[in-house]
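2 protein chains.
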Amino acid sequence: MTVSFAAPIEKDIHRVESLIRSQAAGYHPDLGHALDLILNSGGKRIRPSLTLLVGRMLGISGRHLLSLAAAIELLHTATLVHDDLIDHSLLRRGMPTINSQWSTGATVLSGDFLFACAAKLASETDSIPVMKLFAKTLIVIVNGEITQLFSTHCQINREEYFQRIYAKTASLFETAAWSAALLKPLDDQQAESIRRFGYEIGMAFQIMDDILDFTGDQSSMGKPVGSDLRQGLVTLPCLCYIETNPQDPDVQYLLAGNCPGADIHVERLIDSIRFSDAVKIAHQEAQHYIKRGIDHLHKQPYSSERQSLEDLANYIVQRQV
Amino acid sequence: MTVSFAAPIEKDIHRVESLIRSQAAGYHPDLGHALDLILNSGGKRIRPSLTLLVGRMLGISGRHLLSLAAAIELLHTATLVHDDLIDHSLLRRGMPTINSQWSTGATVLSGDFLFACAAKLASETDSIPVMKLFAKTLIVIVNGEITQLFSTHCQINREEYFQRIYAKTASLFETAAWSAALLKPLDDQQAESIRRFGYEIGMAFQIMDDILDFTGDQSSMGKPVGSDLRQGLVTLPCLCYIETNPQDPDVQYLLAGNCPGADIHVERLIDSIRFSDAVKIAHQEAQHYIKRGIDHLHKQPYSSERQSLEDLANYIVQRQV
Chain A
33 MTVSFAAPIE
43 KDIHRVESLI
53 RSQAAGYHPD
63 LGHALDLILN
73 SGGKRIRPSL
83 TLLVGRMLGI
93 SGRHLLSLAA
103 AIELLHTATL
113 VHDDLIDHSL
123 LRRGMPTINS
133 QWSTGATVLS
143 GDFLFACAAK
153 LASETDSIPV
163 MKLFAKTLIV
173 IVNGEITQLF
183 STHCQINREE
193 YFQRIYAKTA
203 SLFETAAWSA
213 ALLKPLDDQQ
223 AESIRRFGYE
233 IGMAFQIMDD
243 ILDFTGDQSS
253 MGKPVGSDLR
263 QGLVTLPCLC
273 YIETNPQDPD
283 VQYLLAGNCP
293 GADIHVERLI
303 DSIRFSDAVK
313 IAHQEAQHYI
323 KRGIDHLHKQ
333 PYSSERQSLE
343 DLANYIVQRQ
353 V
Chain B
33 MTVSFAAPIE
43 KDIHRVESLI
53 RSQAAGYHPD
63 LGHALDLILN
73 SGGKRIRPSL
83 TLLVGRMLGI
93 SGRHLLSLAA
103 AIELLHTATL
113 VHDDLIDHSL
123 LRRGMPTINS
133 QWSTGATVLS
143 GDFLFACAAK
153 LASETDSIPV
163 MKLFAKTLIV
173 IVNGEITQLF
183 STHCQINREE
193 YFQRIYAKTA
203 SLFETAAWSA
213 ALLKPLDDQQ
223 AESIRRFGYE
233 IGMAFQIMDD
243 ILDFTGDQSS
253 MGKPVGSDLR
263 QGLVTLPCLC
273 YIETNPQDPD
283 VQYLLAGNCP
293 GADIHVERLI
303 DSIRFSDAVK
313 IAHQEAQHYI
323 KRGIDHLHKQ
333 PYSSERQSLE
343 DLANYIVQRQ
353 V
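Protein sequence lines, in the order shown, are assigned to chains A and B.
So the first sequence is numbered by the numbering used here: it starts at 33 and just counts up by one.
So the second sequence is numbered by the numbering used here: it starts at 33 and just counts up by one.
Simulated from the structure, these hints should not be mistaken for laboratory data.
Heads up, some of the hints might be wrong.
For identical chains, the list gives no copy identity; a pair is met inside one copy or between any two copies.
As the list claims (entries may be wrong) - Simulated crosslink set (DSSO-like; lysine-lysine; CA at most 30 Å straight-line):
#1 LYS255 to LYS200
#2 LYS216 to LYS200
#3 LYS255 to LYS43
Kindly produce the complete structure, drawing on both the sequences and the hints.
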């Protein structure tokens with residue numbers, strides 16, 4: 033890893049990866065293969081980094097913190113395994129997904145295995161509040177996915193968008209930060225500012241993902257540009273474009289209740305959005321979230337870990353747009 | 033419910049059902065629908081009954097015990113939802129399965145939701161040992177399913193059979209009993225005898241299920257007679273038949289490494305097994321498990337709950353064969 037926030041926790045991240053890999057020991061060898069596939073897929077480990085840095089900032093270290101960081105990363109990957117199956121995604125970060133190689137049954141079960149390992153690692157924190165938060169977060173994530181699956185496509189609704197990205201992404205960032213704070217007795221205000229830091233940067237992270245869906249490089253993302261809109265998912269760049277270009281005929285088409293699939297409207301709309309100010313406006317919204325997050329972070333006394341957390345937050349909005 | 037073991041805990045079982053139903057409150061309405069579908073499918077609630085009776089026998093009552101019993105039942109149903117999807121089962125106990133009505137995606141996610149609710153309810157026991165055991169059990173169950181999915185079909189191997197039914201069924205019976213004992217400080221020997229009781233009757237339960245697959249009524253089971261063998265699963269009645277009829281040409285066919293699918297061999301073999309002594313021999317093995325379980329149970333002082341647990345154990349082997 034070369035990102036600046038990661039340097040002080042590089043060894044701990046390796047320990048977390050070893051801990052994750054060790055979960056498959058004694059079980060069916062293909063489960064180890066699934067874990068390897070996931071660990072080698074080149075994620076930035078941003079969620080466990082968040083957990084480790086918050087923990088260290090609060091003077092927590094050792095086995096409980098490592099178990100927690102591993103649990104967070106595994107919960108994240110478990111949801112990805114089932115998501116990729118549901119979306120029929122064949123690639124993630126340019127690497128083949130589990131469902132592209134295994135049957136539906138094996139993919140469902142390997143996701144379940146990761147959930148189970150995540151629950152086991154969470155229980156190894158020996159903290160009841162952490163385990164309660166962990167289970168609650170899983171419920172929020174799954175409920176968000178079910179809601180998205182059953183909702184009408186092409187909903188043009190800011191409130192619905194922000195609820196969706198909270199469930200999908202920010203809830204786990206919030207938990208990644210907050211749960212580390214729960215490992216230690218803290219006053220409510222201090223824990224709350226850490227929770228808010230996680231929440232705000234998680235919201236920014238998903239907004240950036242939604243921007244990159246329009247502006248990113250197809251080959252590095254492993255999916256075509258504008259794939260959200262093609263699937264009927266109206267994200268922030270599209271909402272901003274609709275608000276600033278209400279007269280665009282393709283926007284009118286959307287506003288009339290149509291949901292462009294693979295037709296001419298969607299191709300034109302994707303091009304219009306990616307070369308418009310809407311991307312910049314959405315990016316500014318992400319930056320506002322980061323700023324609010326850092327304001328909450330600054331309620332903690334200065335430390336090198338606090339600085340790394342600030343770097344991590346800034347890294348989120350500095351990803352190539 | 034009319035079974036004798038259930039009478040003293042009828043009210044608690046209703047409370048457990050209400051607690052399960054309440055998990056969907058505030059989430060997507062279709063998740064509530066999934067929970068209703070499961071609760072109305074007419075299970076005997078034998079696992080939560082086991083938890084409640086063990087708890088009461090040890091003088092435990094109240095919220096923690098109810099949460100635990102609900103967690104056990106939900107963990108069981110979550111695995112069924114994913115199992116039915118993987119096996120493409122359209123009916124369970126004569127009722128439509130979730131996968132028969134919903135898409136793959138919605139079925140995967142509703143199973144995940146049930147896992148998440150089970151984890152939340154387990155965390156509401158406020159017991160770290162319970163949560164650890166719970167997560168471990170989920171790993172054992174999922175590992176068993178993966179192993180079964182990836183294993184060669186028609187394995188004729190007693191050891192493999194007993195490992196499989198432990199993972200599939202007995203592990204959760206063991207946890208249903210043992211976890212109730214973990215809610216209270218007990219000496220190791222007492223907890224161990226309760227764990228063994230759960231284990232033994234769980235093994236018997238699955239053997240009985242495997243017998244009923246040959247002898248049961250197709251309409252009440254909601255699947256054709258001999259469906260295990262048709263799927264390449266060699267269960268105890270078949271193992272006993274092979275051992276007592278090594279000269280049967282269909283057995284020879286199996287022993288030669290063939291796996292009968294929908295051919296003439298499988299139909300003849302199913303008929304041979306169901307009308308043979310193999311069923312009685314397998315039933316005797318189930319009764320041995322029950323007897324060992326009751327011997328362990330009798331290490332607890334006599335109480336009306338101990339009697340109900342004995343009734344529950346005997347009920348398992350008295351199901352119509």
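Are the CA atoms of LYS255 and LYS43 at most 30 Å apart within a copy, between copies, both, or neither? neither (32 Å within a copy, 54 Å between copies)
Is it within, between, both or neither when you check LYS255 against LYS200 at 30 Å Cα-Cα? Close inside one copy (19 Å), not across copies (38 Å); limit 30 Å.
Using 30 Å as the alpha-carbon threshold, which applies to LYS216 and LYS200: within, between, both, or neither? within (27 Å within a copy, 38 Å between copies)
Checked against the numbered hints listed earlier, the structure breaks hint 3 alone; every other hint is satisfied.
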